[in-house]
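Visitor: Please model the entire structure based on the sequences and the hints provided.
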Amino acid sequence: MDILVVIEDSRGLMHRMSKEAIAGAQKIGGSITALVIGDNSDAILNELSSIAIDETLVVKHELVSSYNSDGYTEVVAQVVQSTNPDIIVAGHTYQTRDFMPRVSARLDIPFIPDIIYVEQDSYTKQVLNSKLNSSVSSSSNKKILSFQSACFSEEDMLPGSNSSQNFEADLDSSMIRSSSEEPFQESAAEVDLESAELIVSVGRGIEKEENIPIAFDLASAISAEVSASRPVVDAGWLPSFRQVGSSGSTVSPKLYFSLGISGAIQHVVGMKGSKNILAINKDPDAPIFEIADYAVIGNVLDIVPRLIETLNDT
Amino acid sequence: MKIAVLVKQVIGSESALVISEDNTWVKEENASFVMNPPDNYAIEEGLTIKEKIGECEVVIVSQGPTRVQKVIREGLAKGADRGIHIEESGQIETDPLSIAKSIVYAIKDENFDLIFSGLQSDDMGMGQTGVLVGELLGMSTATLAIETEIDKEKIRVKRELESGWFQWVTLGSPASVSIQSGINQPRYPSLKGIMGAKKKEIKIVQSQNAEKNQSIEKVFVPQTSKETEIIDTDLNSTVDRIVEILKSEVKIF
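Going line by line, the protein sequences match chains B and U. Going left to right, the first sequence walks through residues 1 to 314 as the numbering used here numbers them. Going left to right, the second sequence walks through residues 1 to 253 as the numbering used here numbers them.
Zero decoy hints are in this set.
Below, simulated EDC-like cross-link-like pairs (lysine to aspartate or glutamate); rule was C-alpha separation at most 20 angstroms, straight line:
| hint | chain 1 | residue 1 | chain 2 | residue 2 |
| --- | --- | --- | --- | --- |
| 1 | B | K254 | U | E249 |
| 2 | U | K247 | B | D217 |
| 3 | B | K272 | U | E229 |
| 4 | B | K142 | U | E211 |
| 5 | U | K2 | U | E110 |
| 6 | U | K212 | B | D108 |
| 7 | U | K154 | B | E182 |
| 8 | U | K226 | B | D285 |
| 9 | B | K282 | U | D232 |
| 10 | U | K212 | U | D22 |
| 11 | B | K254 | U | E229 |
| 12 | B | K254 | U | E244 |
| 13 | B | K282 | U | E229 |
| 14 | U | K158 | B | D234 |
| 15 | B | K142 | U | E217 |
| 16 | U | K152 | U | E55 |
| 17 | U | K158 | B | E182 |
| 18 | U | K218 | B | D121 |
| 19 | U | K212 | B | D121 |
| 20 | U | K247 | B | D293 |
| 21 | B | K272 | U | E227 |
| 22 | U | K251 | B | E309 |
| 23 | U | K158 | B | E181 |
| 24 | U | K251 | B | E225 |
| 25 | U | K226 | B | D283 |
| 26 | B | K272 | U | E162 |
| 27 | B | K275 | U | E249 |
| 28 | B | K275 | U | E229 |
| 29 | U | K251 | B | D313 |
| 30 | U | K247 | B | E309 |
| 31 | B | K275 | U | E227 |
| 32 | U | K251 | B | E197 |
Worth flagging that the hints you see were computed from the coordinates, not collected in a lab.
Guide: Here it is, written out as structure tokens:
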């Protein structure tokens, strides 16, 4: 089995989920090639040098000095055609989602994304709002796989050594039809969720904006910070710096007190490292309960005001 | 300008999910169907552009059995001009590459300038269709757009990256862009819109069965690895138990 791991540059360092993808490739087993693209490849090569992979391919070219969908699609497609791997793997990151389907369409190789568990040739991914799992298989002799956060653990990466060589990608400027500007961050966050000890997090179950103060009242009763799931931020009820999940912060507090959050995977990846998870939700099938230590079935709007009263009395 | 919006009809999040006898999906008769929620933002973005530039046609495209005409009508009621229904009979396709090829077959002669899609579907969650269709049609692509700016020849989109980062990308035309939820406030159809939608055209095209590249073997209820204490009791006991957990088990005070 020949496996190609597409490594992602995360502002100069190897993306955390690329490390998990390497651990995944090692677990699947076979001859592993890592592909590193762009201006930061030297620093990333350095990180890769002590890992047990067979070879590292490096692409340095001005047209892919930083990420762009056209250039990456072209490079990965050329590497796949030249090295002929059986499996192409990557972390299920926003960048992978941006260009990997194009590689799939261009080379007619199926792309099974967002995998949470691998067993032989069967890949588990969540379906139907994370309420059910599905095993997906492919009869194709080649496939592209992307692993969801924590499908494999970075700590399981086997140490070793490898040699690197340059891959001469055949690129010209007519292939790059889009121009990308520098990435930037919006307004600075007013809270540091990532180092918060206690977090009260609010989801769609709070029902309306007028109920948001309930979350702040609970937070002040237990000296916690307030965070939110994406739908609450999308609705404009709380600012985006309070968002927890794949497009927001990753948190690991001593207590994550979740109010009316259903627990879609995009949210869960940002908070499953919490030491204690206490979730209130009126839907007994809410996926958040699968990872909760304490699953309180009931209406946030009934329970939390009474809880605040009790806490403030004692 | 011609804009296609790819939409999907999915099982509503309030539906009870009963796994089918062959274990490969859930029973449809127990489900209610809705517009895939992220697709509402894609429709709204198309309609907003139409209102801004005037000379513009918005076409709602959906693949699935007859029932999906309901979500096409919903798009028409909101203000889209016409619909294309790519009709599937028998087994519903779940392989994204086969679906994309079928959509491409149905729309390739339309020469759309822009294709919008929601970021992913609530049912399969593959998150690929818009990009696959764009690539197969030789278009520029971008994903997770949180803002768009339209020019004659170009579209500039603000892409959401991870952990609160963003990036502006300028795409040549034609382009396929997936829309991040929250980019706008999707409108509701007006009564006049609903009445008007009945007269709008929905073209029906048979889906193409491309070779299947991946398929679902089975669906199953996730196993929890954690020991979870379930608290499902009256209000007073619930509140008392939470206070006790906070004090004695999590020890936050």
